[in-house]
Structures are given as C-alpha cells and as structure tokens.
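Protein chains in written order, with my numbering: chain A, 1 to 181; chain B, 1 to 263.
Incorrect hints may have been included.
[As the list claims (entries may be wrong)] Listed next, the in silico DSSO-like pairs over lysine-lysine satisfying Cα-Cα at most 30 Å (straight line): (1) A:K27 / B:K166; (2) A:K161 / A:K113; (3) A:K6 / A:K113; (4) A:K58 / A:K113; (5) A:K39 / B:K166; (6) A:K103 / B:K107; (7) A:K113 / A:K39; (8) B:K71 / B:K27; (9) B:K107 / B:K168; (10) B:K168 / A:K113; (11) B:K27 / A:K6; (12) B:K168 / A:K39; (13) A:K161 / A:K145; (14) B:K107 / B:K32; (15) A:K113 / A:K145; (16) B:K27 / A:K145; (17) A:K161 / A:K58; (18) A:K113 / A:K103; (19) A:K27 / A:K58; (20) B:K27 / B:K166; (21) B:K166 / B:K71; (22) A:K27 / B:K32; (23) B:K168 / A:K58; (24) A:K103 / A:K39; (25) B:K32 / B:K168; (26) A:K103 / B:K32; (27) B:K168 / A:K27; (28) A:K58 / B:K32; (29) B:K166 / B:K107; (30) B:K166 / A:K58; (31) B:K166 / B:K32; (32) B:K27 / B:K168.
[As the list claims (entries may be wrong)] Between beta-carbon pairs, the in silico distance windows are: (33) A:M169 / B:Y189: 41 to 51 Å; (34) B:F56 / A:G12: 22 to 32 Å; (35) A:G121 / B:G28: 46 to 56 Å; (36) B:E228 / A:Q24: 33 to 43 Å; (37) A:M57 / B:G204: 43 to 53 Å.
No lab work stands behind these hints, which were simulated from the structure alone.
Idealized CB from N, CA, C, for every residue including glycine.
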Amino acid sequence: MFKLLKEIFRTGQATALYPFAPPQTIKDSRGKPEHDPVKCIACAACTGACPANALSMKTDVAAGTRTWAINYGQCVFCGRCQEVCPTNAIALTTEFELAVARKDDLITRATFKLAYCRTCGAAFSTLKEVDYVARLLGALAETPKEAERIRAHAEICPACKRRLDVEEMAQANPVRQMECL
Amino acid sequence: MNAPIFRDDLTIKPQGLSMSNEVAALKGRLLKSIGRSVYVYRVDCGGCNGCEIEIFAAITPIFDAERFGIKVVPSPRHADILLYTGAVTRAMRMPGLRAYEAAPEPKIVVSYGACGNTGGIFHDLYCVWGGTDQIVPVDVYIPGCPPSPQATIYGFAMALGLLDQKLKETHHVEGEGESVPLIHPEIPYALRVAVERRAREMAGYLHGKVIAEAFLAALAAPEPASVEARLAALTAQESDPRVVEIYGQLRAVLRAMVVEQAS
Ligand code: SF4
Ligand code: SF4
Ligand code: SF4
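Kindly generate the complete structure, drawing on both the sequences and the hints.
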C-alpha cells in the first residue's frame, strides 16, 4: 500500500487538463490552415496543390468575381497550400478546435474581383493577381519605362499576348537564320 | 470512344432517414446537456485506421476521455453516441446503417475525421459514398486527418454541450484598393529563389518553406548588426541540429551568390 502511494506521488499527474486548462500543442503540430484574404491574390496555386480538393476556386464571369473556398471538413492538414502560396496568405496554425454542429460552418470563402484584358476585354485573372505580378516583375526592371511595359503586358490576356507577340516579331523583322545553311 | 464515367453515375443518392418529433426533442435535450456518462460505439466505415488510433489515444490516461464519463462500448445496443469514421465505402453502407438502427433512441451521431465529414482524401474514389451524412443524420462533425486526441475531446465536449462551437462560416469580399505587399522586396529575387530551392531540397516541402522564410526574414531584418551576425544569431537560437545544418547550407548559398556578384 505504502509502496503504491509512493509510486503515485512519484509519478504525479499524467493526464492533460484540457479542456479545463489551455491546450498543450507543440510548435509543429498541424492544425487549421488560416487564410488571410487580404494577402491572397487568388492565384489558385493552393487549389491546384491541395491533394484532398478541400480548396476550390470558382469563377463567375457574369458577376465579375472569383471565389476561393476552403472546406475544413475535407482538409487533411498536409500544408501543401502553405508551401505553394506565393504571398504567404495561407499557413497552418496549431488551432484544432474545429468541431461544428452545422456542416456549412466548416466552409470559409473569399471573393475577389476579376481583371479584364485591356485589349479584348475578356476576363482572364483577378485584379489583385495582375497588380501583384506587375509589381513583382516591375521590381526586376532596370528602367521605369521597362516597368511600365511589363505592367502593360501583365494586363493583357494570354490570347492577346500571343497575337501581340507575333505582331511585334513581324515589326522587328528578324533575319531568317536558316536560309544560309 | 466510350463516354466518360463519373462517380455520381455509378452510385445512387440514398434517402435521408426520418426521425419522429418525440425522438428529436429527446435528442435535443441530450445534445444540450447530458448530465450523465455516455457510451460510445465506434463504426469504422472504411477509413485508413488513423482515426481509430487517435480515438484510442484519446481514451489513454494522458487524455483520459473517461473523466467525462465517455466510455467506448463493444455493441451499438449500449451506445448513446455513434462515432463514424471513414469515408463510407459501398461495402460499409449496410453495416453502417445496421449499427445506426441497432442503437437505442435518442442517439447522437458524430462524424469523425476528414473522411467521415466529406470523404476527405478519398472523396473521389469510385467506391466511396463520401461522408457519414450521406447515410445517417449527423449531429457533430470533427475535422482532422486524423483529429488529435485533444480535438477529439473538444468535439465530444461540444456534442455533450460542455463547450461552444468556435468555427463559423465566413465570407470575405474584396474591399476597395486591396493590394498585397511583395515578400522581402529588399532581397534580390534570384537569391530568394536559390535559398528557397535549397531549403526545400534539404527539408522537404513544408518545412523547407518554413525554414527558408525564417532565414529570409533574418536576412532582411532592419537591424544594426551585420548580416553574418544576424544569421549566426538565428542559427544559435535553433536547438534542432537538422535545422542548424540547413541554415549552414543556406549561408553557403548566400556566400556563393555574393562572391559570384562580386567577381
Ligand atoms: S492543408 Fe492540405 S488538405 Fe488542407 S487545404 Fe491545405 S493543401 Fe488542402
Ligand atoms: S496560393 Fe495563396 S495567394 Fe494563391 S489563391 Fe491560394 S491562398 Fe491565395
Ligand atoms: S480522416 Fe484521415 S486518418 Fe481518418 S480514416 Fe480518413 S484518411 Fe484515415
């Protein structure tokens, strides 16, 4: 008996007190991916990377919006979204208190405005993404004029870009290299 | 060529189960405050077994779900709570329904893990129904893959009316003039790419990014100390020898690029 009591005192309390005390989580435990919609450019890199398709991106051309959504009920907390996000808008946290009674509470959405091509007017991306890309590439430009050209190019849809490229090539009139062979 | 076959063409959507008003009222009382111990029966509807392992972790002395009178029982006939794990495969639909019918009214159904909630990582398999709520009405959803023992205890405490729900549906709509700042604009782009690439090679996808971010943040910090001193301080703070090694490699990348620039 005495031995047993001694053992009990030596061991102390093993049980974690949660939920009556703050939870003990370690730094690397994988919990809720927290999305900061202000930092998000709606590039859809995360939705492509998500192995469980918990992230989705829907474009509504008529309304001029693109809606990002996460379903925490489908997420497997792998962190692929955090890895691919170019602006660090989404990152895993240690938050684990995610249980819900209503299934719709598992979903978080963010809606962004579409960007329209400045040549043909078709919707092709989001305003924030175009702006981010223009600034990112503009920072690499050597002259302000070059930065302006990069911004102009960023605001054009891929189809128009291809057409413009051909026209620019034709204007530059490149010498045909193959002929002399 | 044959037309494509989709999962929805191969499966039928089952009808929801009905519940009498009397039972619904009793169940409402149970969900609000149970005031006694609860017996849990676990139904594995085709998961990977990760969830089962965490459920058993939750009833070990460390997390001790029995503090709240939560006890796992071997028969659905004793159960107050049915705990469904797994994505509900075709083969497990009937056993899942039988367990539901065998449990006495009023019963609470808890859907456990990403699989139980929506099908999770298995959601688009041909043989998967995609979630517990496809076959039985669910009262509480516990996300996780698998949910940690603490998340399990939180979910149960919520099902028994001890704790409140924290997560709410939200919808952010882009405001006027929202603009995202560039990440580390003071660091040359080529250097940033080289550092991130090396860190990911060394530490894998997620930790590679985390380590690279810590390194770049130290590099860009507006401090009076020299770059070398700041990076040495970052390395000295780290207790994990693997991360220290990676910081060393990243510093080598930095040195190589600086030398290349100078020459
Ligand atoms: S953590 Fe993984 S599963 Fe969850 S949203 Fe991110 S990529 Fe998808
Ligand atoms: S990867 Fe990042 S910026 Fe792109 S859509 Fe996802 S959260 Fe937004
Ligand atoms: S939710 Fe994750 S851990 Fe649980 S059964 Fe499904 S795949 Fe396995």
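Worksheet entry | Numbers of unmet hints, in rising order | Checked against the structure, the hints that fail are numbers 3, 11, 16, 19, 22, 28, 33 and 37, while the rest are satisfied.
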